[in-house]
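Residue numbers (the numbering used here), protein chains in the order written: chain A, 1 to 283; chain B, 1 to 283.
The set of hints was computed from the structure by calculation and includes no laboratory data. Treat the hints with caution; some may be incorrect.
The list treats identical chains as interchangeable, and a pair is accepted whether it falls inside one copy or across any two copies.
Said to hold, decoys possible - DSS-like cross-link-like pairs, simulated, lysine-lysine; straight-line CA separation at most 27 Å: (1) Lys266 - Lys236; (2) Lys280 - Lys222; (3) Lys21 - Lys270; (4) Lys21 - Lys233; (5) Lys22 - Lys86; (6) Lys271 - Lys222; (7) Lys266 - Lys21; (8) Lys86 - Lys51; (9) Lys201 - Lys271; (10) Lys251 - Lys146; (11) Lys86 - Lys102; (12) Lys251 - Lys236; (13) Lys236 - Lys22; (14) Lys28 - Lys86; (15) Lys270 - Lys233; (16) Lys137 - Lys150; (17) Lys201 - Lys86; (18) Lys86 - Lys280; (19) Lys233 - Lys176; (20) Lys137 - Lys199; (21) Lys153 - Lys254; (22) Lys201 - Lys266; (23) Lys251 - Lys201; (24) Lys271 - Lys51; (25) Lys222 - Lys270; (26) Lys271 - Lys251.
There are 2 protein chains.
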Amino acid sequence: MNNVFVIGVGLIGGSLCLDLKKIFPEIKIHGIDISEDSLDLAIKLNLIDHKSGFEALNIADLVLIATPVDIANNIIIDVLDIINEKTLVIDFGSTKNNICDKVTDHRNRRNYLASHPIAGTEFSGPESAFSGLFNDKTIILCDTEKTDQKLLKTAEDIFNSINMNIRYMDSLSHDKHIAYVSHLSHISSFMLGKTVMDKEKNENNIFDMAGSGFESTVRLAKSSPEMWAPIFKLNKDNIIESLDEYILNLKKFKILIQNDDSVQLKSEMKKTNYIINILKGIN
Amino acid sequence: MNNVFVIGVGLIGGSLCLDLKKIFPEIKIHGIDISEDSLDLAIKLNLIDHKSGFEALNIADLVLIATPVDIANNIIIDVLDIINEKTLVIDFGSTKNNICDKVTDHRNRRNYLASHPIAGTEFSGPESAFSGLFNDKTIILCDTEKTDQKLLKTAEDIFNSINMNIRYMDSLSHDKHIAYVSHLSHISSFMLGKTVMDKEKNENNIFDMAGSGFESTVRLAKSSPEMWAPIFKLNKDNIIESLDEYILNLKKFKILIQNDDSVQLKSEMKKTNYIINILKGIN
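Bound-form chain A, shown alone (with noise of 0.2 Å):
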């Protein structure tokens, strides 16, 4: 491993960055970004070594993706279309299914890794990068069938010696899950937040009266707008299936509130108390 290449320097590509020098203190890190701001930030902070181009792709033995998911999708091709034969390509964005459509009749699609690591924060761009953001967190690998197994193999030590949980799914089975274990927490947080944003203009009584409950929940409402705009558009379909179970049980919840149902709104809320137990199993 000489010449790594991390499309996209931000929380995630960042963050990859400082493991890896940890685990091969010998590689080069190029960094490719649109932005030269967040370039040179990520020189100053040590995440890269030096910012490079596309053109360059030909010498990496790694090229992670780690941009939005629609540049990603609109990148992939150049990039398998430049690499050599050995050099393994992996992105990290949270939808799966379209990119690996976008690839599967390429003459590198061997030299591809689609993964999505199950870890980051609320917080984006070089500066939010640190080492640590993968330990113990779970990575999903889709459609490892259609990697090469030896470029596959060197993804999974890489993955291993970083602490992370490997796990392998389908592309098509990743983005329906995803959809309701993480697409719909952010779409649930963001409209959170604007409900109460628009109706509490004045500020001071939500300063005032918002405990960790309400921090908590609203949490995700932070999140980057370039990063999930691309995302609720690639995964559409799985999004609004879950938006509109997510609709329709807020509705009929609010008839048990209308209908003053005190047994049937503690019974609902009692088996919902068993996400305890799954969230046992979470970090």
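With chain A held as given, fit chain B onto it using these hints.
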């Protein structure tokens, strides 16, 4: 301050007792609860000194009502009937207008103070009580002009001495605002938990794919049904208004996703990102 009675020895009541014992090492704390087990546990955990009953309330200097809001509403008249003319009675429920209405013509109205501490966790029962729960948290005091000013001063002194930040608000406004910044969050979280669990019958998919974002958004779905069903009932109109607006916002957002309107999606999220500034004021 000699005799303190706490009705409801759960998270709020128990934590208050621990704090009071620090300020007034000599006080005797009498516990009242419908659950004998909770009382036994509260004694074992040193939250209260012994069990008591309503008939003893006439010796109380201070009565803390820390039950679910429906029970508080049911017992407040009995409590005010029994106390002596110097007793201070404080309740800590999450809805305030109905209980204030209930006592409005009582001869001992001036012995009563309506409060709502913006503090708590998703856990309940005596075992979840801890000293420091209220440290640097807000407590909202409602309709304080109707409380005897000397007794109000006593209450303020207590809250100040456990380092709470006191705010004043009429009970109608309290219920209106709290529907948005607290009650709605709980419903949004409960229904998110339900939607995901209904879909993901095979739990392992949730375990593996859910990250800290999901955990944060769904945290309040662990909350106690016994506590929350009465809140939803007693603040019904405000909650339904907030739920209607929330559902409307979700539907509008869904339409933007359906229409691939990335510009508007980004704009909505960007506006909502302003929550970052508001959250800085919390904690």
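Going down the list of hints, with the structure as the test:
1. Lys266 - Lys236: Between copies, since 15 Å is at most 27 Å while 33 Å is not.
2. Lys280 - Lys222: For Lys280 and Lys222, the Cα distance is within 27 Å both inside one copy (25 Å) and across copies (12 Å).
3. Lys21 - Lys270: Classified as neither; 47 Å inside a copy, 34 Å across copies.
4. Lys21 - Lys233: neither (34 Å within a copy, 57 Å between copies)
5. Lys22 - Lys86: Result: close within a single copy only, 23 Å intra versus 68 Å inter.
6. Lys271 - Lys222: between (30 Å within a copy, 10 Å between copies)
7. Lys266 - Lys21: Cα proximity of Lys266 and Lys21: none, with 52 Å in one copy and 34 Å across.
8. Lys86 - Lys51: within (22 Å within a copy, 75 Å between copies)
9. Lys201 - Lys271: Result: close only across copies, 13 Å inter versus 36 Å intra.
10. Lys251 - Lys146: neither (43 Å within a copy, 38 Å between copies)
11. Lys86 - Lys102: Intra 21 Å, inter 77 Å, cutoff 27 Å: intra-copy only.
12. Lys251 - Lys236: both (22 Å within a copy, 14 Å between copies)
13. Lys236 - Lys22: Neither way: Lys236 and Lys22 sit 38 Å apart in one copy and 56 Å across, limit 27 Å.
14. Lys28 - Lys86: within (17 Å within a copy, 77 Å between copies)
15. Lys270 - Lys233: between (35 Å within a copy, 17 Å between copies)
16. Lys137 - Lys150: Within one copy, since 23 Å is at most 27 Å while 56 Å is not.
17. Lys201 - Lys86: Neither: 57 Å inside a chain and 41 Å across chains, both beyond 27 Å.
18. Lys86 - Lys280: Classified as neither: same-chain Cα gap 41 Å, cross-chain 48 Å, threshold 27 Å.
19. Lys233 - Lys176: Answer is within; shortest intra-copy Cα gap is 14 Å, inter-copy 36 Å.
20. Lys137 - Lys199: For Lys137 and Lys199, only the inter-copy Cα distance (23 Å) is at most 27 Å; the intra-copy one is 37 Å.
21. Lys153 - Lys254: Neither: 51 Å inside a chain and 40 Å across chains, both beyond 27 Å.
22. Lys201 - Lys266: The answer is between: 21 Å across copies meets 27 Å, while 33 Å in one copy does not.
23. Lys251 - Lys201: both (26 Å within a copy, 22 Å between copies)
24. Lys271 - Lys51: neither (53 Å within a copy, 33 Å between copies)
25. Lys222 - Lys270: Intra 30 Å, inter 9 Å, cutoff 27 Å: inter-copy only.
26. Lys271 - Lys251: both (17 Å within a copy, 26 Å between copies)
Comparing the model with each numbered hint stated earlier shows that hints 3, 4, 7, 10, 13, 17, 18, 21, 24 do not hold.
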